[in-house]
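Student: One letter stands for each residue in the lines below.
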Amino acid sequence: MEGRFVINGIEKVLSFEPDATLLQALRDGGFSEVKRGCDTGECGACAVVLNGDLVTSCKVYAASVVGSEILTAKGLGTVQNPHPIQQAFVDAGAIQCGFCTPGMVMATYALLSKNPDPTDEEIRRALDGNKCRCTGYVKIFDAVRLAAERMRDHG
Amino acid sequence: MSSKWLFPSEIDELVGLLERDNPLVHGGGTGIPRGRVRSSEVVVDLGRMGWDRCYEDGKDILLGATCSFSRTVEELSRIRPGHILVSALSQAASTPLRNRITLGGSVAFFPLWSDLMGPLLALGASVDLVGTVSGRYPIDHFVSNRGLFRGSVIRSIVVPDVPMDGWYYREVRVGFDYPGFTMTLLAQRDGEVLADFRGACVGTKERFKVFNDVSESLKGIRYGDVDVNAVAEKLDLDFPDKKSGSGEYFGQVAKVWFERGLAELLER
Chain A
30 MEGRFVINGI
40 EKVLSFEPDA
50 TLLQALRDGG
60 FSEVKRGCDT
70 GECGACAVVL
80 NGDLVTSCKV
90 YAASVVGSEI
100 LTAKGLGTVQ
110 NPHPIQQAFV
120 DAGAIQCGFC
130 TPGMVMATYA
140 LLSKNPDPTD
150 EEIRRALDGN
160 KCRCTGYVKI
170 FDAVRLAAER
180 MRDHG
Chain R
15 MSSKWLFPSE
25 IDELVGLLER
35 DNPLVHGGGT
45 GIPRGRVRSS
55 EVVVDLGRMG
65 WDRCYEDGKD
75 ILLGATCSFS
85 RTVEELSRIR
95 PGHILVSALS
105 QAASTPLRNR
115 ITLGGSVAFF
125 PLWSDLMGPL
135 LALGASVDLV
145 GTVSGRYPID
155 HFVSNRGLFR
165 GSVIRSIVVP
175 DVPMDGWYYR
185 EVRVGFDYPG
195 FTMTLLAQRD
205 GEVLADFRGA
215 CVGTKERFKV
225 FNDVSESLKG
235 IRYGDVDVNA
245 VAEKLDLDFP
255 DKKSGSGEYF
265 GQVAKVWFER
275 GLAELLER
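As you go down the protein sequences, you meet chains A and R in turn.
Our numbering applies: residue 30 is where the first sequence begins, and numbers increase by one.
Our numbering applies: residue 15 is where the second sequence begins, and numbers increase by one.
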């Protein structure tokens, strides 16, 4: 099958099998920043923003969302010009092995897009689908707070 | 086999597909039976049916089958703030999954972790079906007799719009654990009297237990006269052994939480 998507603001045609997940279609299409973790929707490594909502792309059929807008971590910023959320994760030391980071960044983006000044409870809830086995989450919380502060201050 | 995905947007078109092709129906949630997609000639996606809203309809609230949990929480919070479903669905799974899990899929598959069925059973909800068996059916009848409803899909879930105080509990070891059981209790006060009481426990040996006997025994009793311990002790709940505990253990824990829930409701 083939399907047209808008990925990170650019129209793109992806080829995939009828039973392919969005995760598979994205990775096969070159979007390797979307990480394959548990394949059961529990770890959040494959999280992307689909039509404005955070989803685990391993639990979405690609065929089911043809025509949709998808945002991945690469769509937020680059190494040379990182998004404030990505920079905050670096500055707060919230990255260790880095495998969970794209999903964490997307979850943070989904949260701050709708709620620029979240409470700790709201951060906990927004990131409840993203697992990290290195950091213990403390620095991730720091990163989300720092990103929120910078985005509020600088728009 | 190369499956063909179809996206009907009208009821007639959908019903025609259901009758003709014996398709695999996909609601858009977390049910990803990839093997079944591979072996199905036709996959019918309900995503364009427009069944993704919640609204009031006379004495009922209609919840569209393809409504995600997040959208249900958002819309129901506006229609009926503090509704028991808002409390229960907010606790289910995780944020990215709540953005995808649909009400219809959770009724059809009845996963314990979805936190949906207890409140629906306690509320006396119905399902509105289209297909070979069209019409409205009580949800307990639907989930207990799935074979009778083959070739039909859920269009919406019909929840009676009755103002009741609600209490919901999911038995987990840590927040993101799958629950051992869920308990839903609802009470309606008329002055000093318990005008109505309903409850359901999901996760028992028969999948669920609706507290009809308890409801009958409590209706019309003055709040202060309810012997919470005695009611809990009489509860007839039979649990299977699970990874997180034996059936006997869950039986005891369920009684404790029933007691706490009822006490909390009566004190409101």
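I should point out that these hints are in silico values taken from the structure, not numbers from a laboratory.
Owing to the predicted nature of the structure, the values given are computational and were not obtained by experimental measurement.
A portion of the hints provided could be inaccurate.
[Unchecked claim] Which chain R residues face chain A? A few, computed with CB under 7 Å, are given here:
| hint | residue |
| --- | --- |
| 1 | 51 |
| 2 | 59 |
| 3 | 110 |
| 4 | 111 |
| 5 | 229 |
| 6 | 231 |
We treat Cβ as the ideally placed atom computed from N, Cα and C, and that holds for glycine.
Student: Let me know if the C-beta of residue 59/R comes in closer than 7 Å to any C-beta of chain A, holds or violated.
Tutor: holds (5 Å)
Student: Let me know if the C-beta of residue 231/R comes in closer than 7 Å to any C-beta of chain A, holds or violated.
Tutor: violated (38 Å)
Student: Given residue 110/R as an interface hint, is the shortest Cβ-Cβ distance to chain A below 7 Å?
Tutor: holds (4 Å)
Student: Take the shortest C-beta to C-beta distance between residue 51/R and chain A; is it under 7 Å?
Tutor: With a closest approach of 4 Å, the residue 51/R hint holds.
Student: For the hint on residue 111/R, does the least C-beta distance to chain A fall short of 7 Å?
Tutor: holds (5 Å)
Student: Quick one, is the residue 229/R hint okay against chain A at 7 Å, beta carbons?
Tutor: With a closest approach of 33 Å, the residue 229/R hint is violated.
Of the hints listed earlier, those the structure fails to meet are numbers 5, 6, in rising order.
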